[in-house]
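Colleague: Listed in order, the protein sequences are those of chains C, F, Y and Z.
With the numbering used here applied, the first sequence covers 79 to 427.
With the numbering used here applied, the second sequence covers 79 to 427.
With the numbering used here applied, the third sequence covers 79 to 427.
With the numbering used here applied, the fourth sequence covers 79 to 427.
There may be inaccurate statements among the hints.
Same chains, same names: a pair is fine if it fits in one copy or spans any two.
To be verified - With a straight-line cut-off of 30 Å between C-alpha atoms, the simulated BS3-like cross-links for lysine-lysine are:
id, residue 1, residue 2
1, Lys196, Lys373
2, Lys390, Lys196
3, Lys390, Lys240
4, Lys355, Lys270
5, Lys390, Lys300
6, Lys300, Lys240
Hints were generated in silico from the structure; no laboratory data involved.
4 protein chains.
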Amino acid sequence: MHFASDNWAGAHPKIAANLNRHSDGFASAYGTSTLDRAIDETFNTIFEREVAVFFVGTGTAANSLAQAAIGKPGGVTFAHREAHLIEDEGGAPGFLSAGGRFQPVDGPTGRIDINNLKTAIRGFAPGNVHAGQPMGVSITQSTEIGTIYELGEISAISALCKDNSLPLHMDGARFANALITLGCSPADMTWKQGVDILSFGGTKNGCWCAEALIFMNPDQAKDVPFIRKRSAQLFSKSRFVAAQFEAYFAGGLWLELATHANTMARFLAEQIAGSKKMRLAWQPQANEVFAIAPKGVVASLQASGAIFYEWKPPHNEANLLANDETMIRLVTSFATTQEEIRQFGDLIA
Amino acid sequence: MHFASDNWAGAHPKIAANLNRHSDGFASAYGTSTLDRAIDETFNTIFEREVAVFFVGTGTAANSLAQAAIGKPGGVTFAHREAHLIEDEGGAPGFLSAGGRFQPVDGPTGRIDINNLKTAIRGFAPGNVHAGQPMGVSITQSTEIGTIYELGEISAISALCKDNSLPLHMDGARFANALITLGCSPADMTWKQGVDILSFGGTKNGCWCAEALIFMNPDQAKDVPFIRKRSAQLFSKSRFVAAQFEAYFAGGLWLELATHANTMARFLAEQIAGSKKMRLAWQPQANEVFAIAPKGVVASLQASGAIFYEWKPPHNEANLLANDETMIRLVTSFATTQEEIRQFGDLIA
Amino acid sequence: MHFASDNWAGAHPKIAANLNRHSDGFASAYGTSTLDRAIDETFNTIFEREVAVFFVGTGTAANSLAQAAIGKPGGVTFAHREAHLIEDEGGAPGFLSAGGRFQPVDGPTGRIDINNLKTAIRGFAPGNVHAGQPMGVSITQSTEIGTIYELGEISAISALCKDNSLPLHMDGARFANALITLGCSPADMTWKQGVDILSFGGTKNGCWCAEALIFMNPDQAKDVPFIRKRSAQLFSKSRFVAAQFEAYFAGGLWLELATHANTMARFLAEQIAGSKKMRLAWQPQANEVFAIAPKGVVASLQASGAIFYEWKPPHNEANLLANDETMIRLVTSFATTQEEIRQFGDLIA
Amino acid sequence: MHFASDNWAGAHPKIAANLNRHSDGFASAYGTSTLDRAIDETFNTIFEREVAVFFVGTGTAANSLAQAAIGKPGGVTFAHREAHLIEDEGGAPGFLSAGGRFQPVDGPTGRIDINNLKTAIRGFAPGNVHAGQPMGVSITQSTEIGTIYELGEISAISALCKDNSLPLHMDGARFANALITLGCSPADMTWKQGVDILSFGGTKNGCWCAEALIFMNPDQAKDVPFIRKRSAQLFSKSRFVAAQFEAYFAGGLWLELATHANTMARFLAEQIAGSKKMRLAWQPQANEVFAIAPKGVVASLQASGAIFYEWKPPHNEANLLANDETMIRLVTSFATTQEEIRQFGDLIA
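With the sequences and hints as input, model every part of the structure.
Modeller: So, in structure tokens, the structure goes:
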């Protein structure tokens with residue numbers, strides 16, 4: 079019963095096989111090979127426009143280099159208070175953007191509240207060097223707590239961004255899962271709603287190590303090759319990332335894998351909804367399920383072999399928990415099986 | 079005839095297969111899996127002592143994080159004038175060490191001259207904040223130009239380092255190739271000669287993406303987990319690097335591959351030594367061969383399908399070239415075949 | 079009626095005269111002159127122990143270099159949510175400490191609540207590279223909103239710091255004002271309560287430009303000369319800062335000036351307490367008075383020549399204001415006259 | 079006999095007096111006062127165009143913030159091998175520009191050789207992320223070794239800069255001394271020859287602490303207010319710098335002081351030229367005189383009360399010295415007297 083994280087899974091067999099297939103022969107290094115260029119084209123196709131694509135090694139790198147790309151001296155990016163960029167990147171976004179900071183914005187269910195965002199931006203008077211200058215807005219899709227921004231919410235935030243000349247970044251570590259939930263196209267969920275920069279994650283959805291930083295407008299990415307190199311994120315054998323993406327996109331595998339993960343999450347949520355020992359913290363919308371249970375129940379689940387993390391309740395939801403209760407996070411992935419969930423369901427029945 | 083770089087090769091079949099083999103199942107993330115830990119042990123065995131091992135994504139990262147680990151405010155590292163860290167990392171070592179700089183030191187055949195190093199260190203008077211403070215010495219083994227430091231040269235440099243309380247870093251992007259040339263053990267070539275920190279490269283010798291930063295004394299690596307994370311170099315599915323190293327070390331594959339590459343370089347050097355159209359710039363000692371030829375010959379070789387780079391002569395060797403001549407670099411790898419070299423030999427015969 | 083800020087005042091005549099007096103002759107540069115060293119000694123006397131003193135150009139520099147001195151990779155400092163370091167330094171503390179960040183801690187009346195601090199520190203599990211590592215705690219004395227930490231509060235915070243091996247920094251931009259309120263010695267308010275590092279401000283209390291970064295334990299300041307130089311804060315004619323401090327301390331002038339400023343603040347508070355048009359937001363304890371008044375009253379005061387800033391209410395006190403009201407900040411200094419306050423008092427009577 | 083440095087002098091009486099005169103009253107902070115704005119206008123007048131002026135605390139700051147203002151990721155600035163920015167700023171230019179580096183360029187008599195500069199720039203192929211990208215050129219006027227770029231040399235360098243889209247920075251720590259030697263206007267020596275950014279030094283020529291970073295085209299300085307703040311270089315009582323500049327410029331005082339310093343240097347050079355114990359290393363052109371003498375002579379001069387530094391010969395001039403000889407630097411300033419020089423002259427006669 080593996081629900082610790084989608085990054086505990088390995089690589090999907092088709093992706094592993096394709097990497098194997100490309101291990102032969104010679105190819106020019108540093109992202110210039112035929113395969114690298116073909117995958118660039120694939121991204122153009124998927125996003126229905128010419129985009130600038132930069133492979134990097136980790137989701138942290140994609141997010142941090144996005145910050146670096148929009149960086150300004152004294153610059154501040156607005157993100158949800160519990161965003162990964164703020165809480166879980168070990169300071170990388172600030173360090174790799176040479177001093178970029180975050181202004182946390184509150185909002186229920188893991189999503190930025192647009193009124194809070196308005197107020198936060200207004201707090202920075204133009205030219206006030208003491209406060210610093212706004213440099214961007216970042217949203218996470220799906221969010222840290224497994225919820226989803228509706229398309230209208232994204233476009234509302236991006237409209238506010240445009241009013242304030244701020245680029246909009248999307249942390250898409252679980253981009254595919256959100257896409258499946260919304261049933262829309264990658265273009266719909268990004269540039270058609272005004273998203274400028276995307277951290278496109280493949281690792282959590284079945285790759286070994288395949289992350290890309292994507293600029294919807296290549297003109298805004300002029301300096302990114304140098305930003306990537308100075309951050310030590312330019313792979314010499316870049317085609318090993320390209321090979322993963324090739325298989326990832328082939329025949330829509332990526333969507334299939336995300337569909338599976340989301341389906342498993344819904345199935346798991348049903349078990350919890352029907353349980354007497356545990357309840358859902360909120361309705362899951364992607365591949366992460368948050369649940370609340372007495373500490374004793376949680377301990378006994380772990381003793382029975384269920385693997386998951388206890389989780390700090392969101393800042394706004396601290397009173398979700400009764401005194402003896404705790405919150406847990408259960409993550410599904412392409413590798414999650416119905417059998418594991420049934421087994422878990424039996425334990426909490 | 080692929081001689082452009084050892085990073086144009088792919089992955090050795092055994093390494094690719096092992097990666098494939100580990101694609102299944104679940105494993106804890108961020109370097110904590112059973113496999114990750116087993117490889118840590120393997121490194122201990124290989125180096126005949128307990129070392130601290132940190133997987134990173136690129137050689138640039140290993141070198142830059144070494145700089146960060148020894149970093150001091152106003153800090154200066156001494157390295158050969160043509161070291162990769164100075165000339166070819168896009169500023170990453172300075173950026174990722176938050177301001178570390180390099181003092182170039184001259185020396186023939188790509189190696190630091192110890193007298194020049196002495197003079198350079200002496201140029202920094204203790205407490206002189208204007209000049210900055212020495213923070214380390216870095217050598218490359220094998221060097222940028224395919225030569226080798228003898229063990230005695232390493233220990234002489236390290237003795238000077240100890241006298242000045244400076245840690246000694248070795249850029250081992252081509253560590254295995256140097257090892258084969260010297261016919262010594264990893265321990266001999268590192269800590270037994272006083273090397274403190276090693277960038278251990280696997281990528282150029284048959285891995286897809288396997289680089290490790292190694293501290294001979296784990297006590298000196300206390301902050302490195304945080305340094306690695308803030309530089310976005312901590313892989314979630316870290317075991318995909320571990321899996322490569324597992325196969326790399328199994329049965330001494332890594333030494334076998336480096337032996338092949340070096341043998342191919344020697345074979346290539348013989349062709350050149352016997353050629354009337356081309357001459358060796360200097361005697362190769364690892365897997366890089368530098369040669370000098372009239373520009374016309376070079377152009378005709380390229381037209382015939384030989385792939386390699388023209389190369390800037392070392393600063394001290396600018397007069398190696400006659401007016402119509404140019405220098406080229408030819409790199410061999412685990413994937414180089416005798417057939418390719420024979421073909422090249424025929425062209426220059 | 080100048081209540082905009084204590085940094086709108088110029089220099090006290092005695093300080094200006096002493097600077098003038100030292101304009102003659104030659105003295106060795108970069109902090110090595112006889113006068114510089116004499117002032118170092120004066121600081122030792124004032125703090126009743128040997129301290130390490132570093133002159134810098136601005137309060138921002140003192141605070142930021144304190145962050146740099148305690149800096150760790152992935153490091154996080156705990157400070158009050160409305161601390162100057164977080165909100166008003168234009169990102170300098172993070173930039174000059176190469177990536178140090180702040181974890182905001184709430185507390186009423188501008189002071190860190192120790193229970194919140196405990197919780198915040200506990201939020202960083204040892205070795206959790208994703209969250210980062212605690213590197214220090216910073217308090218402001220007097221606070222951003224003109225209140226004071228009692229000695230017992232400082233020692234309680236410092237005890238918590240010691241338990242967690244965290245250095246305690248005090249932002250003393252208005253150090254003298256706090257000292258007068260508490261009626262204690264500099265030693266009492268700092269190292270005797272466990273403060274490790276102090277930003278000692280002279281500028282707001284009658285100097286032109288005299289700020290010092292002080293380490294209670296000089297052993298912890300070994301790298302600070304290099305930190306200061308790489309941040310461009312080492313003055314060549316450093317004695318012009320020393321000359322200001324000489325006059326500042328001579329005959330207890332600094333205490334006299336702070337006493338005057340505090341007295342003026344109390345007098346001003348009395349006017350407001352007795353006013354029907356305006357009320358105190360909270361009881362002032364140093365030289366800053368915060369008051370609440372209808373927007374119309376504020377506009378009319380400004381029209382009558384009173385100079386001050388409107389101020390954002392503290393996060394925890396947003397409901398202090400009725401709908402048509404606003405908050406203002408009134409700052410007194412060595413240069414404030416009773417006459418100005420009487421004039422203001424008349425306007426709000 | 080004070081020849082150690084022009085920063086060993088204090089402040090000229092008129093400058094000290096003017097600072098004193100402005101110590102009274104209230105003025106808005108952070109560079110917004112009437113006096114600050116008046117000095118901005120004075121700079122416009124002096125440079126015969128609208129320039130953007132930023133006061134900073136040190137010459138190191140001016141130089142480093144210039145680097146930050148032209149900063150690019152992976153960016154490299156070309157400067158003379160012995161430039162202050164490379165050798166004597168403790169790493170500040172790299173640190174405060176978040177990773178900017180220098181490519182040293184050789185040239186005789188402290189000046190960049192334009193052919194070497196051409197070669198150096200050509201070494202950076204567009205888009206070569208490994209090498210990094212050129213971001214500017216910096217020259218020092220007068221140079222580290224007391225020589226001067228002729229106007230034609232500046233315009234030749236700036237033409238090369240324009241061809242390569244590189245801004246040209248001038249380190250003018252001794253700007254006034256160079257101006258006097260050339261007998262031209264500030265406009266002539268800067269933007270009329272294509273200089274874009276100037277570090278304008280007042281400290282070495284009679285101020286306490288008055289340095290300005292000047293952009294000939296204010297449009298290129300949009301982000302500099304934020305760059306200055308994040309580097310902790312924004313003075314609250316900024317008018318104390320303005321007051322120094324007011325007196326510095328009034329009635330051409332600055333030119334008078336530099337004329338005096340240069341005249342004293344020429345007089346000193348005459349003594350040395352006529353000496354049998356000492357010889358000029360090269361002809362001085364500003365206020366620094368470099369001389370060569372047997373070590374015994376130097377020791378005996380010091381014993382007789384002459385204060386100066388021994389100096390490392392320029393890289394290209396190492397063979398200037400005979401075995402028992404050493405090089406010394408003698409700096410004159412506004413405060414140097416003929417009497418001191420006569421006394422020195424007698425000692426070496």
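Colleague: Does the structure break any of the earlier hints, and which numbers would those be?
Modeller: Those not satisfied come down to hint 4.
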